[in-house]
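Visitor: Chains as they are written, first to last, in this note's numbering: chain A, 195 to 598; chain B, 195 to 598.
Treat the hints as calculated values from the structure; they're not laboratory data.
Among the hints, a few may not be true.
Copies of the same chain are indistinguishable here, so a pair counts whether it falls within one copy or spans any two.
Unchecked claim - Straight-line alpha carbon distances no greater than 30 angstroms define the calculated DSBU-like cross-link-like pairs of lysine-lysine that follow:
#1 Lys373 <-> Lys519
#2 Lys212 <-> Lys519
#3 Lys212 <-> Lys416
#4 Lys325 <-> Lys596
#5 Lys596 <-> Lys532
#6 Lys340 <-> Lys563
#7 Lys330 <-> Lys372
#8 Lys373 <-> Lys537
#9 Lys212 <-> Lys325
#10 Lys341 <-> Lys440
#11 Lys340 <-> Lys325
#12 Lys212 <-> Lys537
Number of protein chains: 2
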Amino acid sequence: MKDLKPLKTLISFNDAMKILLSHAKNVQDVELVSIEEANGRVLSEEVMAPIDVPHFDRSAMDGYAVKAEDTFGASLHNPVTLELSGSVFPGEIPDAIVEKGKCFKVSTGAMIPEGADSVVILEETETVEKKVFVYKPVFPGANITKKGADIKKGTKIISKGCYLTPSKIGAIASLGLKKIKVFRKPKIALIPTGNEIILPGENLQMGKVYNINTFALSALIKENGCIPIVFPLCPDENNELRKRLKEALNYDLIVIIGGSSVGERDIVMDVLMEIGEILFHGIAVKPGKPTLGAVVEEKLVIGMPGHPTSCLSNGYMILLPILRKIANLPPKNFQIVKGKLSKRISVTLGRMQFLSVKLNGEEVIPVFKESGTITSMAEADGYIEIPGNKELIERGEEVEVKIF
Amino acid sequence: MKDLKPLKTLISFNDAMKILLSHAKNVQDVELVSIEEANGRVLSEEVMAPIDVPHFDRSAMDGYAVKAEDTFGASLHNPVTLELSGSVFPGEIPDAIVEKGKCFKVSTGAMIPEGADSVVILEETETVEKKVFVYKPVFPGANITKKGADIKKGTKIISKGCYLTPSKIGAIASLGLKKIKVFRKPKIALIPTGNEIILPGENLQMGKVYNINTFALSALIKENGCIPIVFPLCPDENNELRKRLKEALNYDLIVIIGGSSVGERDIVMDVLMEIGEILFHGIAVKPGKPTLGAVVEEKLVIGMPGHPTSCLSNGYMILLPILRKIANLPPKNFQIVKGKLSKRISVTLGRMQFLSVKLNGEEVIPVFKESGTITSMAEADGYIEIPGNKELIERGEEVEVKIF
Chain A
195 MKDLKPLKTL ISFNDAMKIL LSHAKNVQDV ELVSIEEANG RVLSEEVMAP IDVPHFDRSA
255 MDGYAVKAED TFGASLHNPV TLELSGSVFP GEIPDAIVEK GKCFKVSTGA MIPEGADSVV
315 ILEETETVEK KVFVYKPVFP GANITKKGAD IKKGTKIISK GCYLTPSKIG AIASLGLKKI
375 KVFRKPKIAL IPTGNEIILP GENLQMGKVY NINTFALSAL IKENGCIPIV FPLCPDENNE
435 LRKRLKEALN YDLIVIIGGS SVGERDIVMD VLMEIGEILF HGIAVKPGKP TLGAVVEEKL
495 VIGMPGHPTS CLSNGYMILL PILRKIANLP PKNFQIVKGK LSKRISVTLG RMQFLSVKLN
555 GEEVIPVFKE SGTITSMAEA DGYIEIPGNK ELIERGEEVE VKIF
Chain B
195 MKDLKPLKTL ISFNDAMKIL LSHAKNVQDV ELVSIEEANG RVLSEEVMAP IDVPHFDRSA
255 MDGYAVKAED TFGASLHNPV TLELSGSVFP GEIPDAIVEK GKCFKVSTGA MIPEGADSVV
315 ILEETETVEK KVFVYKPVFP GANITKKGAD IKKGTKIISK GCYLTPSKIG AIASLGLKKI
375 KVFRKPKIAL IPTGNEIILP GENLQMGKVY NINTFALSAL IKENGCIPIV FPLCPDENNE
435 LRKRLKEALN YDLIVIIGGS SVGERDIVMD VLMEIGEILF HGIAVKPGKP TLGAVVEEKL
495 VIGMPGHPTS CLSNGYMILL PILRKIANLP PKNFQIVKGK LSKRISVTLG RMQFLSVKLN
555 GEEVIPVFKE SGTITSMAEA DGYIEIPGNK ELIERGEEVE VKIF
């Protein structure tokens, strides 16, 4: 029977992140997705325009297609009179050309008939039967979008690595593309450990607790462009963990939950030392200290504490930036709310603190109790980060809350 | 053949929103979802705790369960010596009680044996065979989480209407709940109109353009907790639109794209006047002026311009708040970035402007060209809102960009 073994040296949060990020490889594999499914994905190739947009000279307004020179000199008191010789609606091909002294009715998006070089907008005309009175002159080119004026065939429209939003999806759709290439979503192996853990719906026996962490982390993983692969509960036995780790090597990142502390049954260190290389064990953060980084067959493994609050704060502070790097996503921009702390809090000097808080108007109320509590999570709207060199934050001091 | 009919009076953006929001009914229907699927949903009932959490007295640390009074007087130079009489790991039930002068090894999360009232943490002990040296006294209750201390059976854990995030999901999982009740996602009928529109992958004939708007708006709709129901392309014929509208009444909101302007084939007004009530036609925004609000059989209908940039800016400014209200979601918190305008822009006085921009470091570069252009969308990182009483924004002036 081995002894309990305290964590001896802690690595700083920044050093831990540098090490973890240097071993986190962003996914290079590509998949083809329909543009309906492409929002929030990351483009893995440049999008080049296969066509001119528009691919014909197009009216930008409802009005009349004219020869601009026919309108020169027109004014409110001396309108120019043109003869209406036809009309074009969007989607149609004009059936004649516009001759001198004549005009075509066009609506927005319609193809400009040959012979016309500009459009007089509806509001600057009046029409009586076949006569169109034009009250204002137009320049050649007025209210016409020329073929290719928006997008020239063969030019780059969107760069590789672009995070796709509704506006980019719209731009891609304008080119008639049905599918585009994006980076595959990384798959994150989640291995929950602990003899005490049971699944929701199971009968709650003495000494047991419901699984929390894979649910909270899976939600976080999905929010950050990755796919959680939740492994069956792993009992605290080296053989079982070894077996699961072997299978987990098929995925892009491995997260082991629980068993990373220093208890006798904290098997994670032992197994990882045996089959891989430990990068560090113990980070100077609170909560979340007993966190470890390791590499097994070039795959990054993160061991996270099983305490739900520690696990989730680790999820936001440590796992999230790694997920986004692997998924080729830009850094997450948390919504930041400024407020005043509702009570004085003392901080463990030397450990960066992740303090969960709720908001009540301007007031920022700490809800963190201890690493093991659920209410710290249930009530939290977000968190504040407190650097390791602070000992105290006074009541009323301004703090920045990152909203979950 | 009817005449072209200019928009006569414009309603202000704020008035338009008040009217639309007053007719937008938030969904009341409820559905049961598994906690794996609940992230980002809105809780439709209170979550009450069916159990105490923890449901037994639990060790909060790795260490030794003791009678606190046995440790009184312990110090680094005069440790108290206790006899190790057993151990408990998480998930186990202790097989004996802790007697005076004795202790039990416990690890974090383990059940506290009867007889013990506190835990001495590992770091403040040393163990030689069956002897445990305790170097620091503990108070009764130290390092123990009492049964129900975190959550008391029968208390409310999360309120109705709560937006579910990973931390709330974790809290719900801790109660052993597999499924919870959330509001149904609203279904948004999207009816694209226009004879000129073709689908991606189709052969691009003269005068035709690819469908853009349903793709961009669907992405926006999904991002905001709703389900887009995209209707087949509607030709510019009153009968066809009437048929589609009838079917669309089965959904929670109806959005008609295109045909809301004043061209002869802008059929939307005609049909809506015939079968429903027009709330307004024309909003003082740029782009996006030819927007209409209507009610058909108590269902809100929004007619949006077909110009892709107008349609998408309408999507963000007008549609998004309505989607979120219907979906019971809190207002969207856009990420805001401050920067300096790269060039002077003049603004249409009297119309609130939605100007799409890209960011280059501190520089905010307008990319809006005209309502019909795609590049305005392809290059945009976000937008700035310019109130209707501004005529000019100078180069270098500070502006706030809402990131898409």
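Visitor: Up to 30 angstroms between alpha-carbons, please classify Lys373 paired with Lys519: within, between, both or neither.
Guide: within (24 angstroms within a copy, 32 angstroms between copies)
Visitor: Could you place Lys341 and Lys440 in one of the four classes (within, between, both, neither) given a Cα distance threshold of 30 angstroms?
Guide: neither (58 angstroms within a copy, 38 angstroms between copies)
Visitor: Given identical chains, is Lys330 near Lys372, meaning Cα to Cα at most 30 angstroms, within a copy, between copies, both, or neither?
Guide: neither (43 angstroms within a copy, 70 angstroms between copies)
Visitor: Within a copy, between copies, both or neither: which one fits Lys340 and Lys563 at a CA-CA cutoff of 30 angstroms?
Guide: between (65 angstroms within a copy, 13 angstroms between copies)
Visitor: Check Lys340 against Lys325 for me: Cα-Cα at most 30 angstroms, and say if that holds within a copy, between copies, both or neither.
Guide: within (27 angstroms within a copy, 90 angstroms between copies)
Visitor: Regarding Lys212 and Lys325, is the shortest C-alpha distance of 30 angstroms or less found within a copy, between copies, in both, or in neither?
Guide: neither (75 angstroms within a copy, 43 angstroms between copies)
Visitor: How do Lys596 and Lys532 come out at 30 angstroms by Cα distance, when the copy is not named: within, between, both, or neither?
Guide: Both: 9 angstroms inside a copy, 18 angstroms across copies.
Visitor: Can you tell me if Lys325 and Lys596 fall within 30 angstroms by alpha carbon in one copy, between copies, both or neither?
Guide: neither (65 angstroms within a copy, 48 angstroms between copies)
Visitor: Please work out whether the CA atoms of Lys212 and Lys416 approach to 30 angstroms or closer within one copy, between two copies, in both situations, or in neither?
Guide: within (23 angstroms within a copy, 35 angstroms between copies)
Visitor: At most 30 angstroms between C-alpha atoms: does Lys212 with Lys519 qualify within a copy, between copies, both, or neither?
Guide: within (12 angstroms within a copy, 42 angstroms between copies)
Visitor: At most 30 angstroms between C-alpha atoms: does Lys373 with Lys537 qualify within a copy, between copies, both, or neither?
Guide: neither (54 angstroms within a copy, 36 angstroms between copies)
Visitor: Cα distance capped at 30 angstroms. Does Lys212 pair with Lys537 within a copy, between copies, both, or neither?
Guide: neither (34 angstroms within a copy, 39 angstroms between copies)
Of the hints listed earlier, those the structure fails to meet are numbers 4, 7, 8, 9, 10 and 12, in rising order.
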